[in-house]
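In our numbering, the protein residues as written are 11 to 338.
Because the hints were derived from the structure by calculation, they are not lab data.
Computed from a prediction, not measured in an experiment: that's the story for all the values here.
Check each hint, because a few of them may be wrong.
DMTMM-like mimics (lysine to aspartate or glutamate), calculated; alpha carbons at most 25 Å apart, straight line [what the hints assert, rightly or not]:
| # | residue 1 | residue 2 |
| --- | --- | --- |
| 1 | Lys63 | Glu236 |
| 2 | Lys176 | Glu149 |
| 3 | Lys316 | Asp68 |
| 4 | Lys63 | Glu307 |
| 5 | Lys63 | Asp299 |
Quick list of simulated restraints, FRET-style, between CB atoms [what the hints assert, rightly or not]:
| # | residue 1 | residue 2 | range |
| --- | --- | --- | --- |
| 6 | Gln259 | Asp226 | 19 to 25 Å |
| 7 | Ala156 | Asp68 | 39 to 45 Å |
| 8 | Lys31 | Asp122 | 15 to 21 Å |
| 9 | Ala114 | Asp180 | 18 to 24 Å |
Backbone N, C-alpha and C fix where the C-beta goes; we use that ideal spot for every residue, glycine too.
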Amino acid sequence: MTIQTNLTGLDLRAEIDRLRKERNAVILAHYYQKPEIQDLADFVGDSLDLSRKAQATDADVIAFCGVRFMAETAKILSPDKIVVLPDMAAGCSLEDSCPPEQFAEFRAQHPDHIALTYINCSTEVKALSDIIVTSSSAEQILAQIAPDQKIIFGPDRNLGGYLARKTGRDMLLWPGVCIVHEAFSETELLKLRAEHPDAPIAAHPECPAVILDHADYVGSTRGILEFAQSITGDTLIVATEPHIIHQMQKAMPGKTFIGAPGADGNCNCNICPYMALNTMEKLYLALRDLTPRVEIEEGLRLQAKKSLDAMLTLASGTVGKGDLGPRS
11 MTIQTNLTGL
21 DLRAEIDRLR
31 KERNAVILAH
41 YYQKPEIQDL
51 ADFVGDSLDL
61 SRKAQATDAD
71 VIAFCGVRFM
81 AETAKILSPD
91 KIVVLPDMAA
101 GCSLEDSCPP
111 EQFAEFRAQH
121 PDHIALTYIN
131 CSTEVKALSD
141 IIVTSSSAEQ
151 ILAQIAPDQK
161 IIFGPDRNLG
171 GYLARKTGRD
181 MLLWPGVCIV
191 HEAFSETELL
201 KLRAEHPDAP
211 IAAHPECPAV
221 ILDHADYVGS
231 TRGILEFAQS
241 ITGDTLIVAT
251 EPHIIHQMQK
261 AMPGKTFIGA
271 PGADGNCNCN
281 ICPYMALNTM
291 EKLYLALRDL
301 TPRVEIEEGL
311 RLQAKKSLDA
321 MLTLASGTVG
331 KGDLGPRS
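Kindly produce the complete structure, drawing on both the sequences and the hints.
Written out as structure tokens, the structure reads:
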């Protein structure tokens, strides 16, 4: 059988739809994916919510248009399904900032601490953690942990710092950051606010404190989308990866959404380079060839699943809600 490698002239949308049916596949797209991928996905959303939606389907194949740790999470929850990622190089700066060997050594140096770990980490780090958290579940989980229990929070120091300030919990923070959210400029944000004085600012908690301090709302991508739907005005400044604005424009075509700028005065620097690696062509090939596949050794998968299960036990109602609430 001849395998087509030249995709010129191919109707990719039609071919993806054909392969979706033939493979009995479900296509997931994170809010940070390109609009054309969001528009063809079966589900668009936050990472854990997408994995749980796929888990609940009878699909044989999960095509996860996101980054590697998200596809790994889908495999942890759906070990019997084939999970493909259009580009296996689609990593995450937060995951990269927390190598498992270093995290294990850090934990060993603080044996009286439990590890609350943001879901943006590798399977190996999940296996080394006690409880996985999302931006929507972390506060609820913290409220259920004894006040005298010492806590390591990783890998995102910005999210950890925000939670520490909001809850008053003293946590030992791993020094990782998201390169996308770290790129926002306070100076440029204040210039933008001066141009639009009545526009509220919504920010993801992965942003630095100097950005969050100006936000009227802090929440995950899903939370920001819901906040956009709730505002009475017609303009919102959005401090997260700008592809979320596609869903806002679809849901609220009469409103104006402005991406918060980076240091050069525009937000091109805030497009996630890892998310951008997924393309229609790569999604087509992943469905056609069922590669690249996400594979996880069973013992490692079960250990990582324990920390995910701990989160769902403590805060299952937060999954898909994506809401950290108004800034204190």
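Going through the hints against the structure:
no.	hint	verdict
1	Lys63 with Glu236	holds, 19 Å
2	Lys176 with Glu149	holds, 9 Å
3	Lys316 with Asp68	holds, 23 Å
4	Lys63 with Glu307	holds, 23 Å
5	Lys63 with Asp299	holds, 24 Å
6	Gln259 with Asp226: 19 to 25 Å	holds, 20 Å
7	Ala156 with Asp68: 39 to 45 Å	holds, 41 Å
8	Lys31 with Asp122: 15 to 21 Å	violated, 53 Å
9	Ala114 with Asp180: 18 to 24 Å	holds, 23 Å
Violation of the numbered hints given earlier is confined to hint 8; every other hint is satisfied by the structure.
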